[in-house]
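Engineer: Whole structure, please, built from the sequences with the hints as guidance.
Heads up: the protein sequence lines correspond to chains H and L, in order.
At position 134 of the first sequence the residue is numbered 134 (my numbering), and the sequence of numbers has no breaks.
If you want my numbering, it's the 1-based position in the second sequence plus 1000.
No lab work stands behind these hints, which were simulated from the structure alone.
Using N, Cα and C, we set each Cβ at its ideal position, and we do this for glycine too.
Certain hints may be false.
[To be verified] Pairwise CB distance ranges, derived in the manner of DEER restraints:
| hint | chain 1 | residue 1 | chain 2 | residue 2 | range |
| --- | --- | --- | --- | --- | --- |
| 1 | H | Phe14 | L | Gly1151 | 51 to 61 Å |
| 2 | L | Leu1009 | H | Ala125 | 54 to 64 Å |
| 3 | H | Ala125 | L | Leu1079 | 38 to 48 Å |
| 4 | L | Leu1079 | H | Arg108 | 28 to 38 Å |
| 5 | H | Arg108 | L | Gly1151 | 22 to 32 Å |
| 6 | H | Arg108 | L | Ala1169 | 13 to 23 Å |
| 7 | L | Val1063 | H | Arg108 | 33 to 43 Å |
| 8 | L | Val1243 | H | Asp166 | 17 to 27 Å |
| 9 | H | Gly317 | L | Ala1156 | 38 to 48 Å |
[What the hints assert, rightly or not] Computed footprint of chain H on chain L, listed as stretches where at least three residues anywhere in the stretch have a Cβ under 8 Å from a Cβ of chain H:
| hint | stretch |
| --- | --- |
| 10 | 1161 to 1169 |
| 11 | 1175 to 1183 |
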Amino acid sequence: MTAGLTIEGVSQRFGATEVLHDVSLAIAAGEFVVLLGPSGCGKTTLLNLIAGFAEPSRGRILIGGRDMAGIPPRDRPTTTVFQDYALFPHMTLGDNVAFGLRMRGVGRAERRARAAAMLELVGLAGRDGARPHELSGGQRQRVALARALAVEPEVLLLDEPLGALDLKLRRAMQEELKAIQRRVGTTFVHVTHDQEEAMAIADRVVVMNAGRIEDEGPPRQVYLRPRTLFSAGFMGEVNRIPLDGGLSPLGALVPGNGTLCLRPEAIGTEGPVALGPARVVEAAFFGTHVRARFAPLAAPAMQLVVYLPQTALPEPGAVMDLFARDPVILP
Amino acid sequence: MRPLAWAYLAAAYAFIFLPVVVLVAFSFQDGRLPVPPLKGLTLDWYAKVLADRAVRAALWNSVVVAVLTSLVALVLGFLAAHALARVRLPGSAALRVLLIAPMTVSYLIIALGLLAVFNAAGIRPSLVTAGIGHVVINLPLCFAICFAAMGDQQKAAERAARDLGASEARVLWLVSAPMLAPALAAAFFLSLTFSWDEFIIAFLLTRFDVTLPVEIWSMLRSGLSPAINAVGALVFLVSAAAVMLAELLLARRRA
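Structural biologist: What follows is the structure in structure tokens.
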């Protein structure tokens, strides 16, 4: 019921602009993959190519080993949860969820039973007779999910499904989405520009920028060991310190050439890499941590962002010795 | 200013509705001529008209032609609007203008053109040829109403239906048409009134079987009679009902 997905050298151009450059990606059956990137990076275009709403200019897409070239969306083993939900306003929730089954010739009684079961799965048990306009945004999102899952697709595509929800509901739906994916075991390909969402739900994060894959891997790896500067910056705040032959404006820190990347929470009062003394420029309480900006005495023009523990009370103007861990050097 | 404004409003409505009111009033005339003074009220003329075989046949012809041509115009207009809303072709805008253009041509010109074409093709005037004429005038109207009603919400729903396995025909039948139902019904009822009232095309393109407006015309040639007023009142009643239905449906959609 679930299948892997292979994207081989896919490029897509719209007129003169190439929105995807030679993208290759293998997704295992049952994997929860998140395509993460800023708007315009090509992630939604890639999703549309998998769904069959467009054909790639070059390259192949295989689902469960079958080449999808020339196969229209209705014949692909994929379904999509759209950002705007795209529910059928003139149908009840039961009929919405059962629509795909109806298209596959499933009988009325079985359709009803399966639609009811899907609505129960997404926490809307007994609401079969309601209409979409009676629901809140979060509930509509659940119906869209149930409708797409009802036909038991081999791959479920989610196009920024939580984008229209407020932050709190969004975080709650993330957990639920992850739990549902675990239960049904379907391959999920989820598009978002929210890196927290990506880390919360993904087995694997694929970071995209300007039509290319910048980085991919489990959330921990992409966050702690990013492969590119873009990936490092997109996954969260990062301090960039230029390195030339092991020398930086702060002196000799670690051997290597390129850019030394340090996460704000990896800098503090202890650690293997000594950054030297720095002056507190500004500090603000963020709840889980204190976000402070430091100007190193050795290079006052450079500013380091540091997340200090909740209990820290850095006074602007005070000088502290800073240390770092988990250094990453990128070209 | 206020009384003046009200007077203006009353005058405007009187100007629009006085002919209809007079027509309807004298259809109840208890006398031989539909002219003042109103001698008394009677339903005799309605009874006489409804007993008239020719009027009854024309009434039925008008109903058949109006319903069938409106259905044909609606289906063609809906399909054209759906296609042009979905696909962006280089010539989309030009195609749209061409489809709506017949609205600007007078019915007389359309009728003369069709008459010439049917003559050249050796097709005799009949209810069918008049019906074709009515499709020609109503198709642009149906197209324009359907096209205006299509929006992003409906396009998104169609996309979802395709994604869930619906063929193009089922997308149209199960998603697009039900979502556009109020607009489709409004287009249908407006077409119905245009076909129902239409005289010049029906006059030039029919011969033995005629529609009601043409029958009224031939009755008029034998002089004025409250019977004609009675037929006219019936025609007006049907048109008014259809227009009100269409208005109601379009208003509900906007609400």
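Engineer: State the violated hints by number, sorted upward, taking the hints as numbered earlier in the document.
Structural biologist: 1, 8 and 9
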